[in-house]
Amino acid sequence: DTEVTQTPKHLVMGMTNKKSLKCEQHMGHRAMYWYKQKAKKPPELMFVYSYEKLSINESVPSRFSPECPNSSLLNLHLHALQPEDSALYLCASSQGQGAGANVLTFGAGSRLTVL
Amino acid sequence: AQTVTQSQPEMSVQEAETVTLSCTYDTSENNYYLFWYKQPPSRQMILVIRQEAYKQQNATENRFSVNFQKAAKSFSLKISDSQLGDTAMYFCAFMNRNTGNQFYFGTGTSLTVIP
Numbered sequence: 006d007t008e009v010t011q012t013p014k015h016l017v018m019g020m021t022n023k024k025s026l027k028c029e030q031h032m033g034h035r036a037m038y039w040y041k042q043k044a045k046k047p048p049e050l051m052f053v054y055s056y057e058k059l060s061i062n063e064s065v066p067s068r069f070s071p072e073c074p075n076s077s078l079l080n081l082h083l084h085a086l087q088p089e090d091s092a093l094y095l096c097a098s099s100q101g102q103g104a105g106a107n108v109l110t111f112g113a114g115s116r117l118t119v120l
Numbered sequence: 016a017q018t019v020t021q022s023q024p025e026m027s028v029q030e031a032e033t034v035t036l037s038c039t040y041d042t043s044e045n046n047y048y049l050f051w052y053k054q055p056p057s058r059q060m061i062l063v064i065r066q067e068a069y070k071q072q073n074a075t076e077n078r079f080s081v082n083f084q085k086a087a088k089s090f091s092l093k094i095s096d097s098q099l100g101d102t103a104m105y106f107c108a109f110m111n112r113n114t115g116n117q118f119y120f121g122t123g124t125s126l127t128v129i130p
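Chains as they are written, first to last, in the numbering used here: chain A, 6 to 120; chain B, 16 to 130.
Please note that a few of the clues may not be correct.
[What the hints assert, rightly or not] Simulated crosslink set (DSS-like; lysine-lysine; CA at most 25 Å straight-line): (1) A:Lys46 - B:Lys88; (2) A:Lys45 - B:Lys93; (3) B:Lys70 - B:Lys93; (4) A:Lys27 - A:Lys14; (5) B:Lys70 - A:Lys46; (6) B:Lys70 - B:Lys88; (7) A:Lys27 - A:Lys45; (8) A:Lys46 - A:Lys14; (9) A:Lys46 - A:Lys27.
Treat the hints as calculated values from the structure; they're not laboratory data.
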């Protein structure tokens with residue numbers, strides 16, 4: 006299995022809703038990432054988990070809450086979002102150490118629309 | 016901080032022709048990786064090619080090759096025999112091996128292959 010799987014593919018939510026994005030990989034990767042991407046823009050790093058511990062938080066607002074229940078799963082909990090948070094949310098993983106540590110494998114993304 | 020610059024927001028190429036996408040970066044580090052990622056309209060980001068900074072030999076992957084000029088901090092991507100499936104956004108990216116797990120992306124080049 007060489008994939009990163011993200012669900013749901015599309016999500017529409019109101020500003021008062023609570024929802025979650027999910028990401029799963031079974032490649033034995035020990036680093037997992039959340040990126041936010043606006044149309045025709047590069048991915049912006051949000052969070053990095055390394056060996057199931059949060060290692061990087063790029064000053065993301067607290068309405069985004071990451072969670073790494075185990076080495077294969079990564080969640081992004083969403084609460085009280087704003088319309089400007091509408092974007093494509095990409096999950097990625099990498100080996101975390103060794104020669105493959107530098108290669109990111111991306112999921113297909115979750116398209117989020119906040120009304 | 017590292018910066019990655021792609022000065023060509025959009026490019027087009029005739030099918031079967033060759034095209035070169037430019038990327039420059041700014042860093043004081045010596046130990047790093049450079050990447051080209053491709054994001055087709057279906058949106059999944061895919062690794063095209065990577066280069067280790069300590070290797071002088073330019074990386075190649077089938078029709079894709081790079082021109083890595085370390086002193087000039089330049090990392091261009093050449094696509095030979097362009098195919099319709101090469102139509103995509105192309106992002107240049109930098110990773111500092113010393114800090115690890117932090118990838119810096121350029122602003123992207125939208126490439127269209129014309130039949």
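Against the structure, the hints come out as follows:
1. A:Lys46 - B:Lys88: 22 Å, holds
2. A:Lys45 - B:Lys93: 21 Å, holds
3. B:Lys70 - B:Lys93: Given pair Lys70 (chain B), Lys93 (chain B) holds - Cα atoms ~18 Å apart, limit 25 Å.
4. A:Lys27 - A:Lys14: Holds. Lys27 (chain A) to Lys14 (chain A) sits at ~10 Å (cutoff 25 Å).
5. B:Lys70 - A:Lys46: 30 Å, violated
6. B:Lys70 - B:Lys88: Within the cut-off at roughly 14 Å; holds.
7. A:Lys27 - A:Lys45: 23 Å, holds
8. A:Lys46 - A:Lys14: 19 Å, holds
9. A:Lys46 - A:Lys27: 22 Å, holds
Checked against the numbered hints listed earlier, the structure breaks hint 5 alone; every other hint is satisfied.
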